[in-house]
Each structure stands twice: as C-alpha cells, then as structure tokens.
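Engineer: My request is simple: use the sequences and hints to build the entire structure.
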Amino acid sequence: MTLGCRYWVLLGLCIMVMIGQGPIVAFATEAAVLKPRVPADKIDEAKTWTNPFEATPENIEKGRALFHGKAFCVTCHGKEGKGLGDIPGLVGKLPRNFTDKIWQAARTDGELIWILKNGSPGTDMASFVPLVLTEEEAWHVLLYVRSFGQP
1 MTLGCRYWVL
11 LGLCIMVMIG
21 QGPIVAFATE
31 AAVLKPRVPA
41 DKIDEAKTWT
51 NPFEATPENI
61 EKGRALFHGK
71 AFCVTCHGKE
81 GKGLGDIPGL
91 VGKLPRNFTD
101 KIWQAARTDG
111 ELIWILKNGS
121 PGTDMASFVP
131 LVLTEEEAWH
141 VLLYVRSFGQ
151 P
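Take 1 as the starting number for the sequence shown in this note's numbering and just add one per residue.
Since the hints were derived computationally from the structure, they do not count as laboratory data. Treat the numbers as computed from the prediction; the structure is a model and nothing was measured. Heads up, a few of these hints could be off.
[What the hints assert, rightly or not] No more than 20 Å apart at the CA atoms, straight line, and that leaves these computed lysine to aspartate or glutamate pairs for EDC-like:
hint: 1; residue 1: LYS82; residue 2: ASP109
hint: 2; residue 1: LYS62; residue 2: ASP124
hint: 3; residue 1: LYS35; residue 2: GLU111
hint: 4; residue 1: LYS101; residue 2: GLU80
Structural biologist: Structural data, given as structure tokens:
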C-alpha cells in the first residue's frame, strides 16, 4: 500500500470514528483483550467456579432484563454489548466489548463472576455483587453476556 493510500485510509477511519460510525473497539490490542482482570493469586480459584444455571431462553431473558434494568450494564456496555454505552462523550478506556469472540473464549464464567463481585482492577468496572445484584442474578447476567458472543 502506498503512503498516499495509507493516508486516505487512516483519514477515513478517523472521520468514521469522529462521527460515531467507526470501529473504535478495533483498536484494542489482542493482548489487552487476553489480559486477565482477576489477580494472579485469585485466578486459579475463580476459574473453578461454574454457572449453576443453564443457558435456557428463560434464563438468558432474566439476564437480559437485569443487564438493561436493575444492573444498568447497558449504560457502559451498550445495548448491543459492544462497550459503547449510553454515556455521552465516553473517552479513555472503553468498557469491555462483549461481542469480541476472542475475549469470550479467553474468559471463564468464574473469572467474570469474580469481576462482578470485586470489580475489575485497572478499569472503571466496580463490584456489583452484593450491592446491586444477588449472586444468582449475576449468574443470569453472565448468561446474557455470553449470548453476545454467539453467531
């Protein structure tokens, strides 16, 4: 690709991002997506935790209702789970993109519930269990989060 062509491609991407049509989350590095958020001394235990609820349509719907309601996940992660929430002017580290299949494959349910209980170190993700959600509700939210990675 010539230098001139690269310039126009980069300019086009910048314009798309500025008007809200661009692949903002595409700039996240694969290493950042794969970086565990659970501390090293806790991750082995967290990985043993499994969701006690099956991914039935009813359970996923319970999670969807919580995601869009009581847990207000939609505020940061967005209606489509892409990490582009409803917060105007969101800048800096974007919330996790739940549609990222690499991230979905890399994280266990146990790691995700640990984050809901403890927050995500190095990010703005706060803990939600037990202040906002019960543990049972959190597991349902995770079923819905997992549905974003489905074809």
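Engineer: Now, for every hint given, state plainly whether the structure supports it.
Structural biologist: Quick rundown of the hints versus the structure:
no., hint, verdict
1, LYS82 to ASP109, "19 Å, holds"
2, LYS62 to ASP124, "25 Å, violated"
3, LYS35 to GLU111, "12 Å, holds"
4, LYS101 to GLU80, "14 Å, holds"
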